[in-house]
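*Asks:* Whenever a hint applies, use it, and build me the whole structure from the sequences.
2 protein chains.
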Amino acid sequence: MHMQIDRLTPENFQFYGDVIDAQNAATHYLINKGTTTRFHDLAKVDIVSDDVNPANVGISIFRGDARVFPLRISMLERHPLGSQAFMPLNQKPYLIVVAPSLDEHRPDIHKMKVFWAKASQGVNYACGTWHHPLIALGDAADFLVIDRIGSGHNCDEYEFDEAFVYQIDETDFARFSS
Amino acid sequence: MHMQIDRLTPENFQFYGDVIDAQNAATHYLINKGTTTRFHDLAKVDIVSDDVNPANVGISIFRGDARVFPLRISMLERHPLGSQAFMPLNQKPYLIVVAPSLDEHRPDIHKMKVFWAKASQGVNYACGTWHHPLIALGDAADFLVIDRIGSGHNCDEYEFDEAFVYQIDETDFARFSS
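From first to last, the protein sequence lines stand for chains R and V.
Residue numbering for the first sequence follows this note's numbering, beginning at 530 and increasing consecutively.
Residue numbering for the second sequence follows this note's numbering, beginning at 530 and increasing consecutively.
Keep in mind the hints are simulated off the structure, nothing from the lab.
All of these numbers come straight from a predicted model, not from anything done at the bench.
Every residue gets a Cβ at the ideal spot worked out from N, C-alpha and C, and that includes glycine.
Please note: incorrect hints may appear among the correct ones.
Ranges between beta-carbon positions, derived for each pair [stated by the list, open to error]:
(1) R:N585 <-> V:Y687: 48 to 58 Å
(2) V:H557 <-> R:E691: 46 to 56 Å
(3) R:N585 <-> V:F544: 18 to 28 Å
(4) R:D632 <-> V:S578: 33 to 43 Å
*Replies:* Structure representation (structure tokens):
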């Protein structure tokens, strides 16, 4: 199995969620008497909340360990009750692995994709999108996370029968890093 | 009029909102098979939404110009329908200016306070807190902003009769920068 790596763009990620990037803002305007530019409404925050399982939008920080390559990818997860946004706080790039659904319960792991996110790009997984946990490149890294905090079952994990070993190609690494 | 500057802490800011800082997290735990630490629920996202003025939590990026000191502080603003969180994305410190309310319509500008926020600290203004727009130190800086996006009147501005000129003390600047 081969996973192609692509730069993260709003176009190639649209099936999975949003790219949080000032550069791709559909709307931006000056505020604060011209001293600040607002790049407006970059991600759809989508939280299921009802009387049985009340929830709020929460703000947390995730500190991801540096990952060692080749990387063993042995599971994906999804959040059925809410979107989950990650914004890097250490000006470092990171990797994103996602897959479409095969059926109601499983990701289609033969269609997994890997994306290289620039240091200035955040990502917002749409509700129910299968994705791999944080993959920080190089050092441990902090991310601001905006996700659902509340009761109810909001995390499905899918363990692979066999781990997939992913090695980022050196040429790709050099190309994306530059 | 003199404004004392203090380091931003959850204690000295509690009247105005939350400090978003992994270091001050009341709750943190390992997730993702031990590869990630979650510093959990660091700010209260508080958005007024009803049938007349429906609203969502939005994610935007604010790019603040570098401010020139001495700084002319001539207004404060507040958002009566929602909290507003700022997280620095460029690993640079910044300043926060807030004031309590004098009455229903005005801030008590004689009680303005200034806080030095470290590069690793975000801030979440509680609904209705009078605050100054972004004050980036040094270079222009990007912040991730989590605030209310929807209809209805959600910004009051209060213009001072006379601008207050604020110069950060060199000793303070050196002390906080180090």
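*Asks:* For the range 46 to 56 Å, tell me whether the beta carbons of V:H557 and R:E691 fit it or not.
*Replies:* Between V:H557 and R:E691, where Cβ atoms are some 33 Å apart, the hint is violated.
*Asks:* A range of 48 to 58 Å was offered for this pair. Does it hold for the Cβ distance of R:N585 and V:Y687?
*Replies:* The hinted range 48 to 58 Å is violated for R:N585 and V:Y687, with Cβ atoms some 29 Å apart.
*Asks:* Does the hinted range 33 to 43 Å hold for R:D632 and V:S578 at CB?
*Replies:* The hint (33 to 43 Å, Cβ to Cβ) holds, given that R:D632 and V:S578 are roughly 35 Å apart.
*Asks:* Is 18 to 28 Å right for how far apart the beta carbons of R:N585 and V:F544 are?
*Replies:* Cβ of R:N585 to Cβ of V:F544: about 22 Å, so the range 18 to 28 Å holds.
Comparing the model with each earlier hint shows violations of hints 1, 2; every other hint is respected.
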